[in-house]
Structure formats: structure tokens, C-alpha cells
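> So the chains spell out like this:
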Amino acid sequence: MLEIRSLRKTYGGQGRTVEALGDITLTVDDGQFVCVVGPSGCGKTTLLRCLGGLLEPTAGEVRVSGQVVTGPPDGLAIVFQEYGRSLFPWLRVAENIELPLKSKGLGKAERRTLVDESLGAVGLADAGKAYPWQLSGGMQQRVAIARAIAFQPKVMLMDEPFAAVDAQTRADLEDLVRTVWKRFGMTMLFVTHDIDEAVYLGERVVMLSSSPTHVLENLDIDLPSERDQLKTRSDARFVELRSHVYARIQEAKGAGVLRETAP
Amino acid sequence: MTRTLGRIGLALALPVILLVTWWFASADSTSFYQPPLETIIKVFPHTWTAATFKSDVLPSLIRLFIGYGLALLLGIGLGVLIGANRRLRALLEPILEFLRAIPPPVLVPVLILIAGLGDPTKVLVIVVGGVWPILLNTVEGVRGVDEVLADTCRSYQIRGWLRIRTFILRAASPQIVVGARQALSICIIMMVIGELLGATDGLGYTVVEFQRGFQIPEMWSGVFVLGLLGVLLSLAFTLVERRVLNWYHGARAAERSGH
Chain S
115 MLEIRSLRKT YGGQGRTVEA LGDITLTVDD GQFVCVVGPS GCGKTTLLRC
165 LGGLLEPTAG EVRVSGQVVT GPPDGLAIVF QEYGRSLFPW LRVAENIELP
215 LKSKGLGKAE RRTLVDESLG AVGLADAGKA YPWQLSGGMQ QRVAIARAIA
265 FQPKVMLMDE PFAAVDAQTR ADLEDLVRTV WKRFGMTMLF VTHDIDEAVY
315 LGERVVMLSS SPTHVLENLD IDLPSERDQL KTRSDARFVE LRSHVYARIQ
365 EAKGAGVLRE TAP
Chain L
725 MTRTLGRIGL ALALPVILLV TWWFASADST SFYQPPLETI IKVFPHTWTA
775 ATFKSDVLPS LIRLFIGYGL ALLLGIGLGV LIGANRRLRA LLEPILEFLR
825 AIPPPVLVPV LILIAGLGDP TKVLVIVVGG VWPILLNTVE GVRGVDEVLA
875 DTCRSYQIRG WLRIRTFILR AASPQIVVGA RQALSICIIM MVIGELLGAT
925 DGLGYTVVEF QRGFQIPEMW SGVFVLGLLG VLLSLAFTLV ERRVLNWYHG
975 ARAAERSGH
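Chains as they are written, first to last, in my numbering: chain S, 115 to 377; chain L, 725 to 983.
In isolation and in its complexed conformation, chain S is listed as follows (with noise of 0.2 Å):
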């Protein structure tokens, strides 16, 4: 389980401080897939960060399986928007994968059999010897998946994972995410500002305001659990619910421009 409580971030530097994230409350359940949405600037990236135990809030607290998090905690791992920076260009694919279960101490044949699974799952089985800028960028964000897989994390963390590849490409790796969720049954969440990519992916879409950022509103996403990228899309109840959020960001994105021309 994943706990956020009372969340709160500022960025201090010379007598100005920008607040972030104003605060923060939000629970996802063990197993489920909750999508983040919300404007862009609106602080998803630090919400995310602070979750991964990788910045420290300034106030409130985020707590994993029970644990309050200080650092990077056990069984959480993230899946970067960056692929290219995110994977190290010097070991091939199947080593970036084995790297975090060496840290892990887990023994060669483990490693192998956990490598040669997680390929498998994200549709890479013949990938493994090569060098990761020998693929496509979306082959890449294929491996850091596999990679955060066979890490068998109870959490993961997507920061807008399919931002910078191709529509068609997205459309294939939204399918793979929903399927590998529901294999490893791991609790998910997903950061995006792509307001259908969230209904289309969540059982849960929860919106966030402009800075400083509080949670607007937590959506049940009641569409049928096998998603299909033409039927669901065009489901009378999807384009409902993306009508919603829509209405919901756009009220927020107002919000936040009448508050900055606000005197």
C-alpha cells in the first residue's frame, strides 16, 4: 500500500520560495493501477520524486507497504520518462537488467532466470545481448520495464514513461504496462498529462491542480478491465470519463492563471 499524508514541497532560493506541492493526501490500494494527471508545471515530477524517496518533502509524509519513506525504499522501483539517460549505455540490455539484482544479492541463476522472464513479458527475448542505443526508443522504455519487472517491486513508479515516443509506439507499450500489471499484480502508479492515456490506463485517475498543488478530485475509472485500444477508446462511458478529467484540468489550468494574474 501506498500512502501519501499531508504532502508538501517548497523549492527555497534567494528570499523566493516556489511551493510545489501544496498538500498532498492520497492512498492506492495493494495492487491497484492509479493514474496521475494533471496540468503541466503542476509538480507530478517532484510528487513522484518524493514518493521514490529520492527528494525529501518538506512536510507530510509518504509511507510504502507501511514504511515511512526516507530513501529510496525496498520493493519500489521507477520507470523514468528519460529511456536514454535511464539506461546505462556501457552494459548491454541484459546486463542493465542484472544490475539491480546484484544489489540485490540475489545469485547467477536467479538473475538469469529473472532477466530471461522480464525480456519475455515486455516482448525483448532476443534483445538481451544487445547494447541499449542499438534500439528504438521505444525498445529502450521496453527495457527500463523489464528492468523495474525484474526488480519484482510491490510498487512501481511511471513518470510519464511514453512522453517522447511515437503515437504508435505508445499505443503498443499502454498495452504492455496494462498487461504487465496484470500479470505481476504489483501496485502501479502512473504519472502522465496525457489525459486520455490516464483513462485509458487506470482503474483510478486521480487530478491534481496547478501549483501549489492539492489533490481536485479521485475518479473511478469504471470501464471493463480488458481495454482495448479501439473499442474502449470509443466506448460511449471512456469518452465520458475523458470529458470529465478534461473539464476538471481545464478548470484547474483557469485556476492557476486567474491566481497568477490575480494582484
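A few of these clues could be false.
Claimed, not checked - Computed spacing ranges between beta-carbons, pair by pair: (1) E821/L <-> D137/S: 45 to 55 Å; (2) M115/S <-> E979/L: 34 to 44 Å; (3) A244/S <-> T745/L: 29 to 39 Å; (4) R976/L <-> G155/S: 30 to 40 Å; (5) S958/L <-> K216/S: 56 to 66 Å.
Think of the hints as simulated: they come from the structure by calculation, not from any bench.
All residues carry an ideal CB built from backbone N, CA and C; glycine is no exception.
Starting from the known structure of chain S, arrange chain L on it as the hints suggest.
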């Protein structure tokens, strides 16, 4: 295959032209100090035999390798330490810049005063000359490691020696190699300088001995041997570099082709 041959041909063209020019320009030279190239080449085989190789070239090479190795170890070790620690860097950087600015040959007499005339001093001279470019480049390389990769390491709890070995050193390796290449040529120079003063064997010593004995063609042949040694070591370095930085060149090429 033809392309490789073409490149080798191109690389050899200028040396060949220079040698041929030297050959003809010096052919009728009667100057004692600038003998014809023909004479220099004639003395080569009996000056540089297996015996002289063992008595003079080998000691030089051994000192060079030990000195260069120590410079690498020291430079990379301290470089990682300083590069990874912002406070330490702020504290030491001015001093490092000062020490680097001192031409290393100036330190040779000082080192001889302190450590005497033996082999350890000659190795020390090489270390003192070679360590700076390695150290400063390693600091730069370690300082510039990618933040997303650093976050990845933190997030997956990759720590300690595993982190240094598979992340820090590899990420800094393009910079470290630049420093190591500069250091190699400096170390060769320092090797010779160390042997000019109070040595009893070595390449530098031999060249000076020939000069003092007015064996001018032999002296020139020694200069040749030193030049060749430099070329061979540089070639060996390139081979090692290709292995170590294979990923780097590949990634750069992929980036350029807009992958």
C-alpha cells in the same frame, strides 16, 4: 580491406616523404653533428641489439609502466574521491590547479634531493608528471555523470563498490581516457628526463652517453628508438581505448544518426 590499406598508406605517406627528403638532403653532409641518414641507419643494427634492448630499453620500459600504472591508480582513485565530493572539490581545486601549473621537469632536481638517485626516484618522477592530467580529467568526468543514471542507481539501491565500478568509473571513462592519453606522452618525457640525471641505464642515459662519447650517428639512432617507442605505445593505447570506449563511440554514432 582496401580501405584499411588506403588508410595505412595515408598514415605512412608523410613519414616516408620526410625520411626520403632527409636521406637526400643529408646525403653529402660532412658536418660531424649532422651525419647523413645513411650513416645513422647503418649504425642502427649493431647499436640496438638484443643485448642493448635488455640492458637499456627494458629498464626504461619497466620504470615507465610502473610509473604510468601508479599515476593511473593514484589519479583515478583520488579523482573519484574528489569528483564525488563537492566540499572536497571546493577545498582542493585551487591547490590542484597550482600544482598542475608547475612544469614537472622542475621537480626532478627536488625529487633527487629528497629521494636520492635510485630507481624509486625515476619512477616517482614519472608519477609526478603523469598524475595531473589523469586526476583532473577524472574529477571532471565524475562531476559530470548523468543525473538520471545517478537517480536510477539510488532508486535501485546500487551502492558502494558496485556503484563505483559499474556506474561512476564507466560514466567518467571517456574523460579518464583523455587524461590517460595526455599522461602517457608526459610519462615518456619524464622517463627520459629522469634518466638524463645520474642514471646508469635506460634509453635517456644511453643517448646522453653516445653524445658525450661523440658517437653522433648512434646518438641519432637513440632518438629514433625513442620516437618509435612513442608511436608503438600510442598505438597500444588506441587499441585499449577502442575496447574500453566501444560503447561510447557506438552511442555517439547512434545519437548522430538521430536514433
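> If a hint holds in the structure, say so; if it doesn't, say that too.
Going down the list of hints, with the structure as the test:
1. E821/L <-> D137/S: 45 to 55 Å: holds (48 Å)
2. M115/S <-> E979/L: 34 to 44 Å: holds (41 Å)
3. A244/S <-> T745/L: 29 to 39 Å: Since A244/S and T745/L have Cβ atoms about 50 Å apart, the given range 29 to 39 Å is violated.
4. R976/L <-> G155/S: 30 to 40 Å: Holds: the Cβ-Cβ distance is about 33 Å, inside 30 to 40 Å.
5. S958/L <-> K216/S: 56 to 66 Å: violated (36 Å)
In summary, the numbered hints that this structure violates are 3 and 5.
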